[in-house]
Amino acid sequence: MTMLDSYGNRAMSAASASASASAAVKRRGDAASFPQKPVAQLLGSNGPIHAVTYSASPGTYILTGSADRSIPGRLIQTYTSHSYDVLSLAISADNARFASSGGDRAVFLWDVATAATTRRFAGHAGRVNAVAFAGAGDALVVSAGLDTTVRVWDTRSGGGSSAKPVQTLAEARDAVTSLAVTSDEIVAGSVDGRVRSYDVRTGKVTTDVMPASVTSLCLGRDGRTVLVGSLDSRVRLMDRGGGGCLRTNEGNQGRVWAWDLLSGRLVAKVAVPWGPATGNDGRRKMVIGRDGKEKERKNVISCLAWKEGGFGNQFCVGGTSGVVTVFGEG
Amino acid sequence: MSYKRSRTTYEADLSAQQSPFVLFGTALPPLDPEVRDDGSFVPVWKQEVRDERGRKRLHGAFTGGWSAGYFNTVGSKEGWTPSAFVSSRTNRRKDAPDAAQQRPEDFMDEEDLAAAEEARKIQTTAAFTGLGSTEDDVSRMTGLVGLFRVEGEMMGAKLLKKMGWKEGQGVGPKIRRKARLGLQQQQQNSSSADTFLFAPENVPMVSFIRKKDHRGLGYGGEAGLGPLAGSSAVGRRKDKEKSRGGIGIGVLNDTGSDDEDPYEIGPRISYNRVIGGDRKKKKAVTAINPSLKTKPVFISKKLASGKVALGVRKCNDGRLPLDGFVFGREADSLTSDINSVGKYPPPQIPPGWVSSKKAASQPGSKEYLSTADAAKASKLDPKARAALLGEKELPGKSVFDFMSASARERLAAVTGKTDLPPARGEIPAGFALSEEERQRELLDRVPKLDRETAIAALSRGAGGGAPYGEDEAKRSRYRAYLEYQAGYRQVLPPKPAHISTEDWLREAHEFFNCARIFKPMTGFMASRFTTSSSSTVNSTSGAKGESGNKELLSKPPPKPEDPAEEAAKLGLFGPLTRSVADFHPTMLLCKRFNVKPPPNAQPADQDASSGKGKAPFDVPVELSAAMSKDPLLALEFGSGLTTAAPVDAAQTATARDDGGSSSKSEAVKPVIDSSKNEALEGARAGEEVFKAIFGDSDDDDDD
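Sequence lines, in order, name chains B and D.
So that you can map any letter, position 37 of the first sequence is 37 in full-length UniProt numbering, and since no number is skipped, the others follow by simple counting.
So that you can map any letter, position 380 of the second sequence is 380 in full-length UniProt numbering, and since no number is skipped, the others follow by simple counting.
For the record, the hints were derived by calculation from the structure and aren't laboratory data.
Here a beta-carbon is modelled for each residue, glycine too, at the ideal position from N, C-alpha and C.
It is possible that some hints are incorrect.
Claimed, not checked - Restricting the straight-line Cα-Cα distance to at most 25 Å, the calculated cross-link-like pairs of lysine to aspartate or glutamate (DMTMM-like) are: (1) D:K448 <-> D:E437; (2) D:K596 <-> B:E185; (3) D:K591 <-> B:D94.
As the list claims (entries may be wrong) - Listed below are several chain D residues computed to face chain B (Cβ distance under 8 Å; list not exhaustive): (4) T577; (5) R578; (6) V580; (7) A581; (8) P585; (9) R592; (10) F593; (11) N594; (12) N600; (13) A601.
Stated by the list, open to error - Far from chain B, by Cβ distances over 10 Å, these chain D residues were calculated: (14) K4; (15) A12; (16) L160; (17) K174; (18) V206; (19) F325; (20) E391; (21) K474; (22) E507.
Pulled out of the complex, with its shape left as it was, chain B reads as follows:
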């Protein structure tokens, strides 16, 4: 049995920027196993969705963070505390807590059951783009923001306005857009076109230069490869050991792309429908296009999550339509 890595890519059409999300997929002999069928559409969000994530291991729940400043757990729970857009979400391994970050420069640690924030980390000077759990037992929350810093917060000590981060990594020269965390490393991608890997074990930071601003990062399952999406509309599979580029995939516009990372073949291109009408009149909001004419708003897909960290048989995407579409095999 071979374990293969396969990656889905999404792109933001407006800025023609692509970002990537990763999944490890069990290969079942052919590409047809890629789940292409939308099995569910989750409503409940009033604005564009910025973040979507599955709950840990069983992957029963989907958590979305949207521009209406709340984190709806569709039908189950709505977590409202952010005063601006929720930009990133992370669920701890034990499913008891999750972290969120938003445009209000705050990082919140939530208790899932009570829907209350247990810690509030304030220290970023700009909007916080990414948040992730780190450390043993998810004792740390790593957040990265527009203020070019990556801050590491301790969840065990008391949070609050006076709490200082455990460490501030200020090497980046522009906004940090994405984060990935392994057992002993923090990988941060920045607009200055660099992917910095902070190895806590050795105390070294390894900087890899990308040709364009990095918008998203995703580590491979074994941590030896990283998938880097950047503003030149390309997704690169980088070898973390030597810094080489293993493969470059060029994506585009408004769909979910899936590549077989070994062969570089495009496995699937999945178009995401807008979803059921959310507005009162049942029509989409019209936008003024680049040619000056009014046109229907595109469903810009801004986030994607795989069930069970890539091993599940379904994934979900969210975008400007405010609808989370779940794709599955069923």
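Position chain D against the provided structure of chain B, taking the given hints into account.
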């Protein structure tokens, strides 16, 4: 003893007596006792006012005052009758067919009507009624003349006054003459001949004297007759000069007007010599209204019109007519006869008559050419004219003889003239340069590079990355230029003959701009910047040299790009794009990650904030760890802190790196004397140290 009867008794008697003195005719009826017409005194309260019909029209103030209208009612016997209100908005009352048009007469009583009737009568005013009276003649005449003539000040006079003319003086430029002060003739002769500028004298208006008599022209027989002696006496009396007053001003001179300051010091031309006499005309007083230049003065209409009318015409002797006299307006029969049309027509010229006088010569029927036109039409240039006139050619040369060909072309392009003389490019003998002078001048125009920059550029070129790598000749010229500027070489290689001076200088400038990049940074700047890697600089400077061939102006070299970024753009991922640096994870971070802290881990209290309280024995260890990183800190605290057991910083660090708490406890503990605070009580640093630090502060004098 007579007694005075009361008035009522007297009157009663009077009326009762039935006019006892009437002898003839019918006596008048006895007087109405209520009417008194005997002219006797009646007090005011008893007086009654009645109109001509005997009606009592004056009531008391409380009974209605003056009556008005129809028996103290208005308009009708009933007085005012209120009419039903009609909205004028919907139904215009005046449009109604039976709308009573009210006239002013409706509101008049008899007296008002009589007055109105009176006003209707037209009669001429007194000026017209008195036939033969000439009193209003002047104003009457101006009434007509004023139709055609501007009354008051004429525009010409206004303009003249604006230009400084004053009434009574002549028009024209000022005349330099002696001052006529009205002094005696002999005095004038004896006084110095100082002359001043005066306005010209007023010239009397030339008035053509109508010849009305039948005497010969120029006849002045009667004018010669006159009392000679008397006239001279009159003139002398008039000439008598007022003797001048003394300096200053006395109370007697005070004219009493407020605006004259009696203590004003200044020369007074004249003084009042009579108390209460006529005041001198005031000097120009500014009017209250600033828009008026002069104070308006009342001039009676009669006077003004007479003035204007009389100003127009003067008598035959140039004087104004006597007061009260006016010019006659009768047309002169003789001149009017002559001027009347058709009376004496000019003689008819017989047909076919030719004048015996002929124009002397008519050289040609050519049209007239002015000199300037003729000169313009001439095609000759100065030299040709000189040749025509037989002048000797001037030794001087034209400007074009000294002009270079390019300068002449530029001039031709600017002026648009194509017939400019050819440029010869001669050099005047006095200014001709020798060969070495020319060379020196050329060298002066070569841009100067400072020595350090030239050396730096040379050394950079020695590394193999010199610009102009593809052009060996140019490269050698560049090197020669640098060597010359660095002082290694005394002279520049001579300019090759086939290269023009401009090109050669342009190349020198290019070399200068190329080498200027290598200017070494000095002092402050150099400590803050590091030179970028040589390969980039060389490549950019090489590119610069290429582009410099085309453009004269040099641009500053582009900011050197990060080689890693360039490699990433080229897709050369790998060692080129990868760099590794140290960072200092905090202890808490390592602990939370559950990894062993790396050697360069920073202590937990450095960056942040773990809320945990620290054990007191940790302090020296942490301090020494900090000292291991900061030698200055170690130096400063070394003496005060541990004298007995100096801590080896490295040893401490390594000991701590071993990890466990046991190794920490094994670290050498410095001996601390708690009774003494070295930081406060230790030897004070030298005075120079304080001076060096705080020396330039202002308050060091206070210490």
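Task: Minimum Cβ-Cβ distance from A12 (chain D) to chain B exceeds 10 Å - done: holds (117 Å)
Open item on the list: Checking one constraint from the list: CA of K448 (chain D) to CA of E437 (chain D), max 25 Å. Satisfied?
Closed with: Measuring from Cα to Cα gives roughly 19 Å; hence the hint holds.
- [ ] Mind verifying the non-interface call on E391 (chain D)? Its CB should be farther than 10 Å from each CB in chain B.
- [x] Answer for E391 (chain D): holds, closest chain B Cβ roughly 80 Å.
Open item on the list: Checking a non-interface call: every C-beta of chain B should be farther than 10 Å from the C-beta of K474 (chain D). Is that right?
Closed with: holds (36 Å)
Task: E507 (chain D) and chain B, when compared Cβ to Cβ, separated by more than 10 Å - done: holds (39 Å)
TODO: Using Cβ atoms only, decide whether V580 (chain D) comes closer than 8 Å to chain B, and label the hint accordingly.
DONE: Cβ of V580 (chain D) sits 5 Å from chain B, so the hint holds.
Open item on the list: Let's test the interface hint: is any C-beta of chain B closer than 8 Å to that of T577 (chain D)?
Closed with: holds (4 Å)
TODO: Could you let me know if the closest chain B CB is still more than 10 Å away from the CB of V206 (chain D)?
DONE: Label holds. Min Cβ-Cβ 87 Å, cutoff 10 Å.
Open item on the list: Just to be careful, I want the Cα atoms of K591 (chain D) and D94 (chain B) compared with a cutoff of 25 Å; is the pair within it?
Closed with: holds (20 Å)
Open item on the list: Given a cut of 8 Å on the nearest C-beta pair, is the interface hint for R578 (chain D) held or broken against chain B?
Closed with: holds (4 Å)
Open item on the list: Minimum C-beta separation from K174 (chain D) to chain B exceeding 10 Å: can you confirm that?
Closed with: Per Cβ check, K174 (chain D) is outside 10 Å of chain B; nearest 80 Å; holds.
TODO: Using Cβ atoms only, decide whether P585 (chain D) comes closer than 8 Å to chain B, and label the hint accordingly.
DONE: P585 (chain D) check passes; min Cβ-Cβ to chain B is 5 Å, inside 8 Å.
In this structure, none of the earlier numbered hints is contradicted; all agree with it.
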